[in-house]
Amino acid sequence: MNAPEDGKNIYQPHLMEIVKIIPETGDTKTFHIQFQDASLRESFSFVAGQFAEYSVFGEGEATFCISSSPTRMSHLEFSVKRVGRVTNALHQLNEGDIIGFRGPYGNYFPLDKLKGKNLLFIGGGIGLAPLRSLIHNVVDTRSDYREITILYGARSPQDLCFKYDLETWERNPSLKMVTTVDAGDNKWKGKVGLVPMVLEELKPSAGETMAITCGPPIMIRYTLKSLEKLGFTPSQVWTTLEMKMKCGLGKCGRCNIGPLYVCKDGPVFSQEEIQNFTSDEF
Amino acid sequence: MYRKITREKLRKWLIGLSARAEILVPAKMNGLWTFRLFHNQELPQNFLNSRIPPKNLFFEPLKGLLGWKAADGSFQVNSCPAPEAARVIFGLKPCDARALRLLQPVFTGDYPDVFYAGNLSRTLLLGQACRVQCQGSFCSEVGIDRQDSVDFDVFFREIAGGYIVRVITEKGNTLTGEKEFFEESSAGEWNSAKEEIRGKNEIPLFNLEKVKAGARERFPDEDFWMRVSAKCINCGICTYLCPTCHCFDLCDLQRPGQGVRFRCFDSCAFPDFTKMAVHNPREEKWRRYRQRVSHKFNFFYENFQTVACVGCGRCVAHCPVNLDLREVLLEMAR
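Chains as they are written, first to last, in our numbering: chain A, 1 to 282; chain B, 283 to 616.
In short, the hints are calculated from the structure, not lab data.
Heads up, some of the hints might be wrong.
Stated by the list, open to error - Part of the chain B face toward chain A, derived, beta carbon under 7 Å:
{"#": "1", "residue": "V388"}
{"#": "2", "residue": "I515"}
{"#": "3", "residue": "C529"}
{"#": "4", "residue": "Q536"}
{"#": "5", "residue": "E565"}
All C-beta atoms, glycine included, are put in the ideal place defined by N, C-alpha and C.
Working from the sequences, and respecting the hints, build out all of it.
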């Protein structure tokens, strides 16, 4: 899959054009991008869960997952919350602007282990981005899976990302979609409550189910506890971890958790693997 | 295969090579040993390890990787060329050459870095046996033989008036095969050129196997890491002078109409090294010190079956607060 060519500079990004920008929340945008090189549009492939290094030339590179699905390859998507130098620069860009792209890097969601199972997606805030890649993927290959439940939460209705996807999934009779916010407003008609609490109310059956979660570290921590209460074993729970990265290639020395490099050995890990980590530094 | 050469012929051989390659030799600058361009001068004797490791000649402190320019409305990105020009480095020490080999799987394994790979393949590595134990060093404890090595193309042992050399690679064989300079020698002559190391540790400081076991066992021991890292001031000198440290940052420099992306040294000692938007997994100093020691003696060993320390002693000799890695390793080995 997109192996580096001999003698090529591994740090050199491909050029991609921003074809569309969707404001998600006050501080988060989704970018639709397309390779300038027409042959790459054809040959590029990735698997849900993988990430890439995106650059604004002159400002630097930053790491984001690919949030679109490998089943929808007309363009790639990634979503960015404005927090630092590169993300601020990305937020200044317009449709038609050029960015750099290196990837795909890292491992991916274990589709072979998910097939034939019930799937339970639990996302929080911008953490829906990597899950969204997989959700679109399984929706497009729906017959490979049994029941699919999506639980998504954000701090407030204004902080919900991918509202257009949430609406589509709500209307899809083959999905069970639950959206919750920590604090509602007078227009909010959905659930109010923290993701782990709503999860325990939902009482999903752990039998033949795989849970995939991504969100802020605090949400993941309590979600894992709730899943354990519901009878999920560590090998049934998958998550993607976030660490500071620069190279994405296992060289620059930042993203290791003990001997594992999140950029090469991750970012997708089962809770079983996480429990056996030598280090708690993540 | 063994050969021999006189000191004067070695100088002439290098002068000959300088017509087709850049030659770097040990030279003293401001009282410190370093590697400088060869100007046909007498080769120095009794030189000690350079303060800045020769790693910097392969994995540069600052290296342009690619550049871009926006001209006439079109935007172009161009890779910086991989280094190719032939080069000879004379006088490398066994510890520093081992360090270059240790970094090979990191840089030239999967996703090969053409800059590091190019620097290695364009360089003829000429090593020289040590005569003196360097300040702060513990090379023999981590398995470095100061008088022998296969990490070079050719390895030199000094004798009165010249050198006995061990030819290791085919490239070394070809270049030392010129009868005008080198004569054939024997294993007997090679063995008799072995010398005692002055000032060596008579008794090994620690047992490496016990250090490796200790690194694993001590990893969760917060009190231990807090205690041994207490005086560290996060200056990063140990990482910048280390021949095996290889953490780097990627940065952009933009000028009007053009820019460059470069790779530069970074250090796991710095508090913001792993800082992310929301949290920093190695915010506390003891975690960062633990990361450095564990990376070398625990994680790197697990990933590449060798420890990432060559015992050169630079981190011990140049630490501004005398944080002595040997003491930490000794305690881990207990």
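To test your reading of the hints: which numbers does this structure violate?
2, 5
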